[in-house]
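*Asks:* Sequence:
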Amino acid sequence: LPVAVNHAMAATLEGVLHVAGGNDGDGPSTQVARLEGDGWRRLAPLPQGRSAGGLVALDGRLYLVGGVVDGGLAADTQVYDPAADRWSPAPGLPTPREHLGAAATGGKVYVVGGRVGGIGRNLGAAEAFDPATGRWAALAELPTPRGGLAATATAGGEVVAVGGEAGATFPEAEALDTASGRWRSLPPLPTPRHGLGVVAVGDTVYVLAGGPRPGLHTSAA
Numbered sequence: 005l006p007v008a009v010n011h012a013m014a015a016t017l018e019g020v021l022h023v024a025g026g027n028d029g030d031g032p033s034t035q036v037a038r039l040e041g042d043g044w045r046r047l048a049p050l051p052q053g054r055s056a057g058g059l060v061a062l063d064g065r066l067y068l069v070g071g072v073v074d075g076g077l078a079a080d081t082q083v084y085d086p087a088a089d090r091w092s093p094a095p096g097l098p099t100p101r102e103h104l105g106a107a108a109t110g111g112k113v114y115v116v117g118g119r120v121g122g123i124g125r126n127l128g129a130a131e132a133f134d135p136a137t138g139r140w141a142a143l144a145e146l147p148t149p150r151g152g153l154a155a156t157a158t159a160g161g162e163v164v165a166v167g168g169e170a171g172a173t174f175p176e177a178e179a180l181d182t183a184s185g186r187w188r189s190l191p192p193l194p195t196p197r198h199g200l201g202v203v204a205v206g207d208t209v210y211v212l213a214g215g216p217r218p219g220l221h222t223s224a225a
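For the sequence shown, this note's numbering assigns the number 5 to the initial residue and increments by one for each residue that follows.
For the record, the hints were derived by calculation from the structure and aren't laboratory data. The model shown is predicted, which means the values in this text are computed figures rather than measured ones. Hints should not be assumed to be uniformly reliable.
Pair by pair, the computed Cβ-Cβ distance ranges are [unchecked claim]: (1) D42 - G122: 35 to 41 Å; (2) G111 - T208: 21 to 27 Å; (3) L39 - A213: 16 to 22 Å; (4) T137 - V203: 39 to 45 Å.
From the three backbone atoms N, C-alpha and C, an ideal C-beta is built for every residue, glycine too.
Given the sequences, and given the hints that come with them, work out the whole structure.
*Replies:* Quick look at the structure:
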């Protein structure tokens, strides 16, 4: 990457990897870059540095939700238009938070879980943003409140939330049926962890790496 960071946010837009923000050692970064061939192309920077939020692709745009900015929690959503190479503000999360899970399906952006500062202040908030109306809607809460989790959307229209941390790491995997608005429990992770990667290919969910204990730990699971 052009700038070394942790807690960056990444998404694939039209088949191309995009990375935004993260902590660069001096605080939240404004960097945005797109992978092109063997290198990175810098894009329009974020209006304000941000880390530990969620970045999702929906209908040809990127949506950056939640996270940390200088001074506290992010108050707005930022939307990236690749044709104009420009970020524009949109309404922020009704429940501002960081270390959340985010996914997009059915024309909406879904944000689940997260925390408000420190691993002991986890939330079960679940909310959906509809770009067509510019409004957020509250959903049934995540059954197991947690931050440091990850989320993905399956081809069947479920938002799957996995892992997380508090006093220990979470094995829970829970799925929101976006049609009915109901959550269901999935088999738990064999290796409970936080700070993990997750992606759905069709209706199969792959969970990668993460920390098996709270704080700075690693796993090759």
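*Asks:* Looking back at the hints listed earlier, which ones does the structure fail to meet?
*Replies:* 4
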